[in-house]
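Participant: Listed below are the residues making up each chain.
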Amino acid sequence: MSDAGAPRPAGGWPRGLRCRFTKHGKVRFTSQRDVARMWERALRRSGLPVAWSEGFSPRPLLSFGLALPTGCESDAEYVDVRLEGEGGDVAPAQGTAVAEAALAPLVQLLTSLLPDGVDVAAVVALSGDTQSLQQQVTSCTWELEVQGVTARDLATRVEHLLGAASVPIRRERKGKLVDDDLRPGILALAPFERAPTGPPNQTVTGHLRADLATQPRGIRPMELLEGLGTDLVLVRACRTHQWIEHEGTRREPVPDEAAVRPAARAPHATERAT
Amino acid sequence: METLWPVIEPLLGRVAKPARYIGGEQGAVGKAHAPGRVAWLLCYPDTYEIGLPNQGLQILYEILNERPDAVAERTYAPWVDMEAAMRAAGVPLFSLEQHLPAAAFDVLAFNLSAELVYTNVVNLIDLAGLPVHAADRGPGHPLVVAGGHCAFNPEPLADFVDAFVLGDGEEVVGEVHDVVARWLGDGRPDRRSLLAALADLEGVYVPALYDVHYKGGRLAAVVPRDGAPSRVEKRTVSDLAAWPYPRHQLVPLTEVVHDRLNVEVFRGCTRGCRFCQAGMITRPVRERPAEQVRTMVREGLERTGYDEVALTSLSTADFSDIEGTVRDIISDPRHGERVSVSLPSLRVDAFTVGTAAEIQRVRRTGLTFAPEGGTWRMRRVINKLIREEDLYSAVDAAFSQGWRRVKLYFLIGLPTETDEDVLGIAELGRRCVEIGRRYQRSVTVTASVGGFVPKPQTPFQWSGQLGVAELRRRVNLLKDACRGVRGLTLRWHDPEASAVEGLASRGDRRMGAVVERVWRAGGTFQEWSERFDLALWEEALAAEGLSIEGEVERERTEEEVLPWDHLSAGLHRDFLWSDWQDALGAVGVEDCRWTPCYDCGACTAYGLEHVVASPRPPAGGSQGTGQDLGAGDRVPVRFLTGAPAT
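Top line first, the protein sequences correspond to chains A and B.
Per the working numbering, the very first residue in the first sequence carries number 104; after that it's consecutive.
Per the working numbering, the very first residue in the second sequence carries number 135; after that it's consecutive.
I should point out that these hints are in silico values taken from the structure, not numbers from a laboratory.
These numbers come from a predicted model, not from an experiment.
Hints are supplied without guarantee of correctness; some may be wrong.
Stated by the list, open to error - With a straight-line Cα cutoff of 20 angstroms, these simulated EDC-like cross-link-like pairs (lysine to aspartate or glutamate) come out:
{"id": "1", "chain 1": "B", "residue 1": "Lys-165", "chain 2": "A", "residue 2": "Glu-176"}
{"id": "2", "chain 1": "B", "residue 1": "Lys-151", "chain 2": "A", "residue 2": "Glu-262"}
{"id": "3", "chain 1": "B", "residue 1": "Lys-151", "chain 2": "A", "residue 2": "Asp-219"}
{"id": "4", "chain 1": "B", "residue 1": "Lys-613", "chain 2": "B", "residue 2": "Asp-553"}
What the hints assert, rightly or not - To spell it out: a stretch of chain B is covered by chain A in this simulated footprint if at least three of its residues, at any positions, have a beta carbon under 8 angstroms from a beta carbon of chain A; those stretches are:
{"id": "5", "region": "152 to 159"}
{"id": "6", "region": "379 to 390"}
Virtual Cβ for every residue (Gly too), placed ideally from N, Cα, C.
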């Protein structure tokens with residue numbers, strides 16, 4: 104819609120884009136649905152030729168993969184955007200230098216159209232046959248800040264959890280309580296040290312880094328915490344990576360060499376001159 | 135001034151919909167607070183989702199923030215879970231832009247769009263850390279003001295609010311600002327001097343400057359003192375084109391009601407529906423020039439990324455050249471193919487459906503019409519002059535053009551209503567289903583029925599309101615009549631909530647104590663059915679020696695002093711009374727936009743005129759068919775000419 108929109112690459116638009124973005128700060132309290140709507144509005148303003156679904160109630164074809172729980176932050180969110188693609192030069196050369204150069208202006212443009220805290224880190228072309236994020240992503244790395252436990256106690260609990268053959272948990276699925284085992288989904292778990300982020304606090308805080316499986320079904324940070332003890336309070340959770348595991352090696356859906364550097368962030372459109 | 139964010143943040147993990155409390159909307163303004171800058175906190179006394187889209191609040195927000203000597207932020211009522219968390223953690227009411235404490239602002243300004251929020255107003259004043267009674271506040275406290283439609287009878291809130299503003303806020307907000315700035319500049323002297331200066335402004339009502347007398351349990355007199363005007367007149371913006379606001383509509387990060395671009399196409403309505411307070415208090419009709427509408431739509435869509443725009447007013451189908459405007463919007467290539475236009479208030483006729491068909495090429499789900507009364511007699515009483523043929527042709531047009539659902543709005547408990555009028559609703563619904571079946575196998579007609587609440591500053595202000603039991607009997611009558619009619623669904627509004635709405639609508643100053651008791655008993659968010667509790671109100675009334683029968687159900691006499699008689703929406707009392715008598719005689723009046731003036735007072739009292747682009751009623755119009763509307767050229771209206779200011 105906007106005249107000042109995204110410049111069309113010389114070879115035409117690819118069939119789709121995969122965008123890597125962050126969710127930091129106050130905006131982390133928005134839901135996954137809210138994030139989808141932010142993207143829809145930003146894409147409309149960008150002038151990109153987004154493809155729409157057919158049928159009675161057409162929607163733009165966006166797909167976000169694994170939902171980030173409301174309140175969690177992320178260094179590594181992804182959205183796949185289907186375009187009315189011409190399948191030009193940049194596709195399906197996903198990740199190649201040509202594609203990156205052609206799509207590089209979108210990083211700044213989209214960041215400027217998205218709210219504060221949602222920064223686009225990289226945009227790559229997507230070929231028609233790429234699997235969906237939901238299918239591809241097999242695990243996520245999380246950094247968690249917890250309250251109510253000393254560092255020593257936390258280390259003991261982690262050790263205990265990792266040593267257990269199974270970790271039963273009761274959770275609600277489709278309105279019913281089911282018993283489940285957390286243990287197989289915990290791929291890695293370790294405490295780590297970090298200077299406090301917030302204002303000084305009397306409460307003891309500890310930090311954890313965890314690799315949690317997303318398949319066959321995902322484990323949420325809250326569930327992991329329950330496994331460590333119901334007295335723990337989750338203060339902050341940040342998804343730092345999403346991983347695609349294939350034949351023993353893992354990679355990110357979009358490599359993080361292009362990951363956002365705070366200094367290089369484009370300005371956001373939240374404020375206006377007064 | 136320090137932000138409360140570090141103490142708010144830990145609460146947000148524990149409450150529902152935390153995005154309500156983070157701000158960060160596109161269009162939000164975060165200006166520095168500084169000496170010499172008056173700080174306004176604009177408060178909407180309902181949830182964020184309901185309050186954010188409010189255009190009145192957004193207009194004032196922009197006008198204030200455009201001034202270098204003002205900063206305006208916003209707040210909404212925190213939901214019950216958040217309020218509990220805030221009170222437990224000692225966190226006061228805060229602004230969304232910079233998360234600053236409410237008490238650090240100079241003015242708290244409330245938007246009053248509905249009566250059932252009154253307990254929330256008191257709650258927010260308390261949550262801000264202020265004494266709830268205006269009389270207990272000192273020079274160190276913020277000024278508490280309120281405006282919006284309910285300000286036309288603000289007596290139930292007179293104990294809590296320092297000043298009310300009547301009518302359009304665009305101009306008067308600056309005048310209030312100047313008075314407050316002067317008072318702050320003088321070092322915040324005695325609060326009474328501030329109130330006296332405010333009372334000097336046209337359109338501002340300071341209840342503390344009026345003594346109220348009662349006799350025999352009834353209001354006897356409202357007497358101004360210290361030079362306060364005996365009658366406060368509303369403010370009216372004569373030319374909407376001079377106020378193309380909001381220019382930067384807020385785009386929320388989370389879902390809200392009416393989540394779309396909204397462009398106001400005109401203000402005021404002279405259809406003359408006698409139950410409609412909005413139509414009575416916002417006269418005369420002032421259209422925005424179509425060219426300015428197009429500009430606001432284009433710029434708004436580009437800036438926000440919305441794919442839907444609503445053209446708002448009290449009756450958008452009456453906008454001059456509505457079809458041309460709509461056609462231009464949907465065919466503008468700059469908007470892309472997917473932009474949809476919504477007309478929130480359709481007129482009941484086939485012609486209007488044609489316009490709707492043009493803009494809703496896809497997604498033809500439901501259309502809504504508001505015949506309001508079940509019989510032609512009833513509709514003449516309320517002056518909603520829609521004939522049955524009009525409704526049937528509208529419904530025929532809708533179903534034949536692919537819509538599957540039609541929703542019909544009705545009021546029950548209207549003055550002079552008989553069981554026959556009530557049953558007429560079921561009959562209309564049944565006929566509409568029949569019409570739909572000619573075109574589609576499965577159709578749904580929903581009749582949505584609300585209990586009539588007489589509103590101040592309308593011809594029905596003297597009318598009795600039906601009691602809960604009788605209202606319920608009539609709903610049941612209707613339920614029985616609709617039962618077994620396949621395709622017809624009946625929905626009704628809780629009669630108990632209508633009773634309390636009536637209490638707050640026409641209550642005098644004694645209602646303040648009732649509102650306070652309900653608030654102290656925990657009765658916030660009374661417009662939410664899961665929170666509404668009639669028992670709280672009945673207990674509070676009993677404790678104050680009042681009753682629903684006496685305050686709500688009783689018909690008023692011509693001689694009686696009404697609690698809002700000293701406040702004026704421009705309408706002459708004798709016009710309202712004669713219109714009330716016409717209503718009782720089932721006599722309709724015409725729309726004075728296109729027919730000669732009947733001197734309601736709204737234009738003549740303020741030296742105003744209607745501002746419309748077309749001297750004739752809309753082609754093919756139905757509201758009014760059967761009347762002689764031919765004399766349209768002789769109307770006292772000013773026609774829009776030349777290029778509008780944008």
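Participant: Evaluate each hint against the coordinates.
Facilitator: For each hint, the structure was consulted:
no., hint, verdict
1, Lys-165(B) with Glu-176(A), "27 angstroms, violated"
2, Lys-151(B) with Glu-262(A), "35 angstroms, violated"
3, Lys-151(B) with Asp-219(A), "19 angstroms, holds"
4, Lys-613(B) with Asp-553(B), "13 angstroms, holds"
5, 152 to 159, "holds (count 7)"
6, 379 to 390, "holds (count 5)"
Checked against the numbered hints listed earlier, the structure breaks hints 1, 2; every other hint is satisfied.
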